[in-house]
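Chemist: What follows is each chain in one-letter form.
2 protein chains.
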Amino acid sequence: MSDLREALLRDLPDIRLLTAPAELEHYGRDWTRRWNPAPLAIALPADTSEVQQLVRWAARHQVCVVPSGGRTGLSGGAVAAHGELVISLDRMRQVLAFDAAARLLTVQPGLPLQAVHEAAAGHGLIYPVDFAARGSCSIGGNIATNAGGIRVIRYGNTREWVAGLKVVTAKGELLDLNRGLVKNSSGYDLRHLMIGSEGTLGIVVEATLRLTDPPPPSQVMLLALPDMAALMQVFELFQHRLPLQAFEFFTDVALRHVLAHGASRALDGDYPYYAVCEFDAATEAAEEVALQAFEKAMEQGWLLDGVLAQSEAQAAALWRLREGITESLAPYQPYKNDVSVRISAVPAFLADMQDLLGREYPHIEVVWFGHIGDGNLHINVLRPADMAAEDFIGQCERVTKLLAATLQRHGGSISAEHGIGLVKRDYLGSTRSAAEIALMQGIRRAFDPDGLLNPGKLF
Amino acid sequence: MSDLREALLRDLPDIRLLTAPAELEHYGRDWTRRWNPAPLAIALPADTSEVQQLVRWAARHQVCVVPSGGRTGLSGGAVAAHGELVISLDRMRQVLAFDAAARLLTVQPGLPLQAVHEAAAGHGLIYPVDFAARGSCSIGGNIATNAGGIRVIRYGNTREWVAGLKVVTAKGELLDLNRGLVKNSSGYDLRHLMIGSEGTLGIVVEATLRLTDPPPPSQVMLLALPDMAALMQVFELFQHRLPLQAFEFFTDVALRHVLAHGASRALDGDYPYYAVCEFDAATEAAEEVALQAFEKAMEQGWLLDGVLAQSEAQAAALWRLREGITESLAPYQPYKNDVSVRISAVPAFLADMQDLLGREYPHIEVVWFGHIGDGNLHINVLRPADMAAEDFIGQCERVTKLLAATLQRHGGSISAEHGIGLVKRDYLGSTRSAAEIALMQGIRRAFDPDGLLNPGKLF
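Protein sequence lines correspond, in order, to chains R and X.
1 is the number of the first residue of the first sequence in the UniProt record's numbering; add one for each residue after it.
1 is the number of the first residue of the second sequence in the UniProt record's numbering; add one for each residue after it.
Keep in mind that the hints were calculated from the coordinates and are not lab data.
Check the hints yourself; a few may be wrong.
One copy or two, it doesn't matter: identical chains are merged, so the pair holds either way.
DMTMM-like mimics (lysine to aspartate or glutamate), calculated; alpha carbons at most 25 Å apart, straight line [to be verified]:
hint: 1; residue 1: LYS171; residue 2: ASP448
hint: 2; residue 1: LYS401; residue 2: ASP176
hint: 3; residue 1: LYS336; residue 2: GLU236
hint: 4; residue 1: LYS296; residue 2: ASP227
hint: 5; residue 1: LYS401; residue 2: GLU360
hint: 6; residue 1: LYS296; residue 2: ASP213
hint: 7; residue 1: LYS171; residue 2: GLU397
hint: 8; residue 1: LYS336; residue 2: ASP448
With these hints in hand, go ahead and build the complete structure from the sequences.
Modeler: Right, dumping it as structure tokens:
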């Protein structure tokens with residue numbers, strides 16, 4: 001290994017490299033903590049040409065490469081545990097261009113999502129993909145996992161907002177995919193193939209993002225509900241009547257954690273389920289419609305209580321109850337499942353899922369929450385203080401196998417928005433058929449015959 | 001050939017086959033008329049299982065297969081001129097399911113686009129992709145070319161509306177891709193790879209389509225303009241002020257043809273350019289905003305005249321001026337270019353394009369029109385009565401080569417929405433790099449190692 005490291009330093013003297021143990025550890029892992037980082041070195045290219053030089057060097061020496069963004073991933077997609085060269089896009093974080101007529105923003109991959117939001121706002125527009133990790137995740141990583149988040153019911157996933165990608169292939173070639181065109185029926189759309197490919201088909205070095213008009217002023221509500229059946233009823237009613245931007249739910253257990261972690265209580269009572277709901281409310285008439293929908297849901301017994309934010313500060317406080325959950329659970333090093341089913345399959349799947357979790361985790365706390373409007377549930381299993389990490393993961397893996405089978409029965413996905421990475425790799429077959437996996441392997445070989453890009457991830 | 005045909009009849013006696021010369025000719029070609037149809041036979045499977053049997057039979061006998069929909073294509077993608085087995089999806093045209101909570105409509109591929117619209121309307125929703133061939137094209141063909149059309153500025157292309165696909169592969173396997181999930185980050189999105197692949201990677205046997213709420217009531221305007229610069233100004237102004245559904249333009253030459261073909265004149269004067277514009281106008285206030293924008297454009301000299309439809313009948317008559325163009329040109333067997341550039345590149349590209357067409361077609365009539373809001377121009381070159389078809393096509397191919405080079409300079413695409421098929425195959429390299437084409441070839445080999453699916457199309 002040290003020979004290779006010396007060769008790298010010698011062959012590419014102008015590219016910034018990190019090799020100190022603390023740096024190798026820092027850049028060699030993501031938000032999962034199950035693997036011990038052991039990269040060859042960390043390269044911090046300054047531009048596309050340096051990324052190409054690095055990939056070509058790696059190909060020449062048959063060294064595997066792990067592309068690396070904000071490393072906020074929850075599936076181990078950016079873990080480097082086997083002497084890989086980590087190519088971190090941390091230094092490539094510029095906004096390169098804004099095209100006003102086409103409403104396109106061209107950025108480098110290391111730019112944090114929040115900086116994309118700010119750049120869009122500077123032009124009076126929005127980039128609408130959003131989620132809690134916005135400050136630390138990078139747009140390149142968002143593209144690699146087709147990130148979803150909290151506004152999907154209104155705006156869709158990252159995929160919908162990528163109008164062009166520049167990508168360095170395993171050979172070191174530079175692809176310029178789709179170039180911001182709205183209509184382009186000229187063969188296979190490699191841009192869409194790259195999105196969600198978790199760094200296995202190429203390294204995104206530039207992205208051209210679609211922007212759109214900001215939504216009208218919105219209102220935020222917190223709702224308290226008796227059960228999941230009521231939640232589905234309220235969602236259907238609200239979806240029908242209100243221009244929803246987001247509709248997120250969580251359980252009393254999740255609320256307990258986020259309150260203990262410093263968030264402020266918004267309702268007096270304690271209830272089994274909660275939802276944070278945001279909707280367009282440009283006019284008093286729109287607010288009136290929302291209140292009528294709220295009252296109807298109260299009359300039906302679908303709602304137990306609720307509050308409409310009276311200020312931006314209160315809206316932010318309500319959102320914190322939902323967005324603070326992941327952070328509040330972090331100290332427990334939770335085992336995470338991130339699953340989805342069709343929205344119409346949610347009730348039946350939930351019944352099976354609650355049954356399974358109750359049976360299989362009798363003495364372990366399970367916190368779940370999610371994006372009900374797009375059928376996406378996050379299940380966090382908390383490690384008991386007296387259980388060894390290895391035993392805990394063993395038990396969780398066993399339950400995940402059962403959960404995967406349950407998902408398969410309901411036509412769902414073992415990864416809604418986190419990606420497969422290392423964590424979900426053994427369960428990919430519950431979501432994708434053997435024929436699909438064989439085709440994916442064929443595609444991967446076509447792009448990367450030597451298997452150098454993010455090996456071991458996905459499949 | 002007749003041995004193979006006998007084997008087919010003998011091996012698959014229960015599948016409907018057509019072999020009469022008139023049927024071979026009818027099903028062996030699309031709206032292009034440049035190739036002489038010469039298929040082995042036409043198979044009309046009744047269901048997915050029959051499609052699989054046919055593909056497996058073809059693989060066993062190494063017979064090439066041409067998947068076939070409404071055959072309204074303009075790029076030769078459905079042409080069978082070399083003894084291929086045509087698998088027509090004409091008999092698979094059922095609506096299979098409607099999922100109210102998820103707003104998904106599952107249909108067979110042979111269903112005409114218009115029938116998809118009607119099925120959606122039956123549930124109070126819309127499938128928003130729309131274009132003039134709606135009555136004869138099939139949804140499977142729309143998916144194979146990622147069809148665009150007249151509502152792309154509001155709703156995007158076909159790709160945006162496909163939530164799931166069932167596909168029969170070259171091996172006869174059945175893939176069930178994405179299954180209507182909103183969030184599914186579980187490896188490469190083969191659904192998006194299939195969309196726009198022109199029948200080279202598999203045969204779509206079922207599609208699950210997203211539906212959405214109908215737009216508010218709309219208004220239709222016809223605008224008369226002095227030049228393309230003014231058109232761009234008006235588009236930018238209208239896009240900024242009005243919730244546009246469509247913004248289509250055409251030239252005086254196009255209008256002359258459509259009027260000669262039976263459409264009714266809507267303005268008294270003659271003008272160089274026209275646009276048909278449709279926008280949401282639920283309230284009188286919205287109409288007022290539109291009239292103010294119209295007046296501003298008149299004051300600026302960007303508009304010369306215009307009319308706002310006063311009834312649905314008049315709106316339909318205005319639309320006919322744009323939508324009737326293709327049909328009015330059909331008798332001339334026009335040579336078609338269907339190109340796109342980024343919207344911000346339209347003015348510079350148009351200047352070069354007009355220059356090129358004026359220089360290269362001095363004695364040939366060229367009719368152009370298109371979707372200005374998404375940078376898509378349709379160029380129709382009309383064959384002079386005294387020019388032999390072969391000479392005409394030779395000349396057009398020569399100019400297309402120059403046009404492709406012009407597009408390449410402006411970062412455009414040689415096929416915006418018609419696909420590559422046979423007609424644009426030689427120009428693919430102007431839009432996609434050699435590295436991209438090599439990757440596409442690799443993908444195609446991974447899906448279809450024997451090269452049996454729609455051979456010769458795309459590349």
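Chemist: Could you check the structure against the hints above and give me the numbers of any it violates, in ascending order?
Modeler: Going through the list in order, the structure violates hints 3, 7, 8 and respects the others.
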